[in-house]
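Peer 1: Below, each chain spelled out in residue letters.
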Amino acid sequence: MNYKQLVNKPQKLAPGHRSCAGCGFPPIVRTVLASTDSPIVASCATGCLEVTTTIYPFTSWKIPFIHSAFENSAATISGVEAAYKALKRSGKIPKDKEIKFVAFGGDGGTFDIGLQSLSGALERGHDFVYVLYDNEAYMNTGIQRSSGTPMGASTTTAPAGKVHQGKEEWKKDMAKIAVAHNIPYVAQASVHNPIDLSMKAEKAFSTKGPAFLIVFQPCQTGWKYPMEKTMEIAKLAVESKFWPLYEVENGKYKLNYKPSKNVPIEEYLKPQGRYKHLFRPDNKQIIEKIQQHVNEEWEKLVNLCRD
Amino acid sequence: MNKEMPLTGAQSVAHAMRQINPDVVAAFPITPQTDIMMNFAKFHSDGKVDTELVRVESEHSAMSCCVGASAAGARAMTATASAGLALMWEILGVASGSRLPIAMAVVNRALSSPINIHCDHSDSMGCRDHGWIQIYNETNQEAYESVFLAVKLAEKVMLPCMICLDGFITSHGVQNVTLHDDKQMKGFVRDYEPKKWLLNTDDPHTVGPLELQDYYFETQKQRADAMIQAKEEYLKIGKELARITGNEYPLFEEYQMDDAEAVVIVMNSTAGNTKAVIDKMRKDGKKVGLLKPRLFRPFPYKEIAEALKHKKYTAVLDRSESYGANAPLYAEIKSALYEADSKPKLKSYIFGLGGRNILEPDIEKVYDELLSGKFDHLETGYIGLRGE
Ligand SMILES: Cc1ncc(C[n+]2csc(CCOP(=O)(O)OP(=O)(O)O)c2C)c(N)n1
Chain A
1 MNYKQLVNKP
11 QKLAPGHRSC
21 AGCGFPPIVR
31 TVLASTDSPI
41 VASCATGCLE
51 VTTTIYPFTS
61 WKIPFIHSAF
71 ENSAATISGV
81 EAAYKALKRS
91 GKIPKDKEIK
101 FVAFGGDGGT
111 FDIGLQSLSG
121 ALERGHDFVY
131 VLYDNEAYMN
141 TGIQRSSGTP
151 MGASTTTAPA
161 GKVHQGKEEW
171 KKDMAKIAVA
181 HNIPYVAQAS
191 VHNPIDLSMK
201 AEKAFSTKGP
211 AFLIVFQPCQ
221 TGWKYPMEKT
231 MEIAKLAVES
241 KFWPLYEVEN
251 GKYKLNYKPS
261 KNVPIEEYLK
271 PQGRYKHLFR
281 PDNKQIIEKI
291 QQHVNEEWEK
301 LVNLCRD
Chain B
1001 MNKEMPLTGA
1011 QSVAHAMRQI
1021 NPDVVAAFPI
1031 TPQTDIMMNF
1041 AKFHSDGKVD
1051 TELVRVESEH
1061 SAMSCCVGAS
1071 AAGARAMTAT
1081 ASAGLALMWE
1091 ILGVASGSRL
1101 PIAMAVVNRA
1111 LSSPINIHCD
1121 HSDSMGCRDH
1131 GWIQIYNETN
1141 QEAYESVFLA
1151 VKLAEKVMLP
1161 CMICLDGFIT
1171 SHGVQNVTLH
1181 DDKQMKGFVR
1191 DYEPKKWLLN
1201 TDDPHTVGPL
1211 ELQDYYFETQ
1221 KQRADAMIQA
1231 KEEYLKIGKE
1241 LARITGNEYP
1251 LFEEYQMDDA
1261 EAVVIVMNST
1271 AGNTKAVIDK
1281 MRKDGKKVGL
1291 LKPRLFRPFP
1301 YKEIAEALKH
1311 KKYTAVLDRS
1321 ESYGANAPLY
1331 AEIKSALYEA
1341 DSKPKLKSYI
1351 FGLGGRNILE
1361 PDIEKVYDEL
1371 LSGKFDHLET
1381 GYIGLRGE
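Protein chains in written order, with this note's numbering: chain A, 1 to 307; chain B, 1001 to 1388.
It cannot be assumed that every hint is accurate.
Stated by the list, open to error - List time: in silico PhoX-like cross-link candidates among lysine-lysine, alpha-carbon distance up to 20 Å:
id : chain 1 : residue 1 : chain 2 : residue 2
1  : A       : K171      : A       : K289
2  : B       : K1345     : A       : K92
3  : A       : K92       : B       : K1196
No lab work stands behind these hints, which were simulated from the structure alone.
Isolated chain A (complex conformation) (with noise of 0.2 Å):
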């Protein structure tokens, strides 16, 4: 699809919900459901993007919408999958008629809390594609730590002070932790490059059987940088190394984009709020440790993907 064909898609959610301005997940969403012109049916941990998008009497969901519980996405679409299956066996719905399955979730309620329910339902191999927006902590709470949250950014429960910088772990590698499920596909993608996002769903949404994408969303109330720059901050992720994009199609990794030039991660931290701390110059090395962390990852990835 090119941007004209993807704007001109109908639009399943609707404009009017209260998420922040500047937000990363509407055109996340959009562009995800554009990607398929059969009936989609969607569920969604509780978050940001469900509390802003469903308050009734108004949703913002053309589109049938359920939400159940934080950590349930995965297993509350498993259901509606099954019921899928079944009332077409029994006849209530048309033995031609196909419909596809989304489960929306954030980092906290897929990274931790949501994690069992999401391993379950990958396992199981229900059709479905489950997409994570990431924006790196649990924002709809107010900014808390997640296991999404990067090493070196403060939160409000890993704050940076006089004795601790922020979080002070890894962030999980939860693409990986979707691949050693063996599902037929799992794309890291990001909010920045709607053309690589939605040709990504798309194969998503053609696969039979589980997909899982990772759609970097950055926040801009949570990483404190002016809210006009979101899709700025995303390109320099992408830029920096800090979020490749890549995908692994039946376990086979693909790199989809190379940075043409080194664009060092200060300049990805940088307009961050989130890590202000660190260009301190006691925190140098902090930096240091992450650029350090980014090439290395980087180059297992681009191995990944010779092989």
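Given chain A, put chain B with the ligand in place with the hints provided.
Peer 2: Then chain B with the ligand, alone, in the frame of chain A:
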């Protein structure tokens, strides 16, 4: 064709599920529930049902899966016990709050800690305020027939329903059970036809939204109203079921109550032992009776107050504690009697926690105590507790 055969309670429930042939069943093992799902899985493997059987990775996901399936438009069922029910707790509320008619067998078992696999009612009592209809069952036959009643009742009032039976005692004890004709039972439950369902993609709607101060309260009132309505519907559907089975489905069963002076109130399998004690004591001319609640949620306050109005002494036997408070069944009976002009002297007993046996002499002792009129009605009695 009806068929009488020796079956455990678990097998009986599995047969009911086979005859219903639900669209989606989520399964996760926990003793003593496991036998239900193992029997059902065998029916599934042998092609006796064409249910979508989802072997989830936890009870939390079992209930989540049922929520998704039910909202999608499917008839969904599961079964659990004890820790499994406790793990579902959050999603139990999602099911009833989203008004999803899920049916679930609960094989009553004690909660941790310490871990214990045997019967008491602390699990289902622990979620009694969560918007689920609760039907308690004495025998394997009752448990079997209640599954049909539960499914139909749940779908009528759009609330989930649990069918409670005693762990091991009922689930693993063998009794002769009359299985009613497959076709007839299928005809009784009919197909589930929801008004709104997610898989009807031409009519999209949102399930489980965020409701704030402006709407949440009203939604809760609707849930409460539906629960009240469930009492009448239970009786109506019970009458319909009685035409097939020949059995009755009252709000509570009364045994030798007409002239009884001393009444024991107890739920599930212990009611059976109590009946045996009554038969024996009646031979000695003692006026003893039993009131066995079947429908615990919604609780039939008015009807129970009416039934107890002219009784002299009543003991409520609870198979669960409510630490620092009145035991659950006792608290309900006491509150049912508050408005009555005439009421019995009432005493609370706790028994059988963690599967501790209750024997006929224990129950006889309760009756004797009641009939003597010499008991401290303010003090909780503990039946069969060592060191007393
Ligand atoms: C069992 C449970 N624990 C905690 C919460 C409170 N809670 C709601 S949303 C949320 C954070 C969501 O974070 P994330 O999944 O990263 O999504 P985001 O808000 O960033 O979109 C938390 C902690 C909850 N709803 N349920």
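Peer 1: Are the hints correct? Go through all of them and say.
Peer 2: Against the structure, the hints come out as follows:
no.: 1; hint: A:K171 x A:K289; verdict: holds (13 Å)
no.: 2; hint: B:K1345 x A:K92; verdict: violated (57 Å)
no.: 3; hint: A:K92 x B:K1196; verdict: holds (14 Å)
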